Amino acid sequence: MINRVVLVGRITRDPELRRTSTGTPVVSFTLAVDNRFAPRDSERTADFISCIAWSNAAEVMEKYVKKGALLGVDGRLQTRTYDGKDGKRVYITEVVCESLRMLDTRSASRGDDFISNIESYEPTNNKIENINKNDVNESDLGFDISDEDLPF
6 MINRVVLVGR ITRDPELRRT STGTPVVSFT LAVDNRFAPR DSERTADFIS CIAWSNAAEV
66 MEKYVKKGAL LGVDGRLQTR TYDGKDGKRV YITEVVCESL RMLDTRSASR GDDFISNIES
126 YEPTNNKIEN INKNDVNESD LGFDISDEDL PF
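Numbering (the numbering used here), first residue to last: 6 to 157.
The set of hints was computed from the structure by calculation and includes no laboratory data. Honestly, I wouldn't trust all of these hints.
Unchecked claim - Cβ pair distances, simulated, as ranges:
1. V13 <-> K93: 23 to 29 Å
2. R23 <-> T86: 36 to 42 Å
3. G89 <-> T35: 17 to 23 Å
4. L108 <-> T84: 23 to 29 Å
5. E48 <-> S26: 19 to 25 Å
6. K90 <-> D52: 26 to 32 Å
7. V38 <-> G89: 25 to 31 Å
8. V31 <-> L108: 19 to 25 Å
9. R24 <-> P44: 40 to 46 Å
10. R24 <-> R81: 20 to 26 Å
11. K72 <-> R41: 21 to 27 Å
12. E21 <-> T86: 21 to 27 Å
13. L22 <-> E48: 32 to 38 Å
Computed from a prediction, not measured in an experiment: that's the story for all the values here. Backbone N, C-alpha and C define an ideal beta-carbon position, used for all residues, glycine too.
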């Protein structure tokens with residue numbers, strides 16, 4: 006299965022760094038991505054896509070990224086749920102950022118060091134924290150495919 010999302014858009018507000026109960030840095034943000042398919046007589050519209058960045062990526066965003074910055078985001082789509090304060094179930098769909106790239110040179114003209122020091126953030130450790138491969142049983146993944154079932 007493939008779960009890959011690549012976006013280019015502008016961040017809608019300055020990132021605010023938060024920390025989980027275990028101290029892991031996290032930034033939630035919205036990326037405005039132009040919708041190129043607009044009727045001829047109307048203005049272009051944008052899709053506003055929720056994104057989340059963890060650990061070092063979150064710290065880099067909080068330090069260097071400002072509202073309006075053009076970002077390239079590479080990640081995966083995630084859905085999650087939780088029970089709201091009113092007791093109703095809340096559904097969230099967001100892009101979990103696996104790499105970020107600053108695409109706007111305007112930040113360099115403001116004197117930010119982002120372009121020269123951290124042009125792109127690529128995680129050096131792609132493991133998922135708190136999950137050990139040995140703890141996962143393949144039968145739990147829902148795949149029941151034998152070699153005879155494959156068409157090639």
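Against the structure, the hints come out as follows:
Between V13 and K93 the beta carbons are some 34 Å apart, a value that contradicts the proposed interval 23 to 29 Å. Taken as a hint, the range 36 to 42 Å is violated for the pair R23 and T86, whose Cβ atoms sit roughly 20 Å apart. Checking the proposed 17 to 23 Å range against G89 and T35 shows it holds: the Cβ atoms sit about 19 Å from each other. For L108 paired with T84, a C-beta distance near 27 Å keeps the hint of 23 to 29 Å intact.
Judged by the Cβ atoms, the range 19 to 25 Å given for E48 and S26 is violated: they are separated by roughly 43 Å. Range check, K90 to D52: Cβ separation about 28 Å, and the 26 to 32 Å hint holds. Evaluation of the 25 to 31 Å hint for V38 and G89 yields a pass: the beta carbon distance comes to about 27 Å. At roughly 23 Å, the beta carbons of V31 and L108 sit within the given window of 19 to 25 Å.
Between R24 and P44 the Cβ separation comes to about 44 Å, which falls inside the hinted range of 40 to 46 Å. Under the hint 20 to 26 Å, the C-beta atoms of R24 and R81, about 22 Å apart, fit the expected range. A beta carbon spacing of about 23 Å between K72 and R41 agrees with the range 21 to 27 Å that was offered as a hint. Taking 21 to 27 Å as the suggested C-beta distance range, the pair E21 and T86 conforms, at roughly 23 Å.
Remark: the range hint 32 to 38 Å for L22 to E48 is upheld by a beta-carbon distance near 34 Å.
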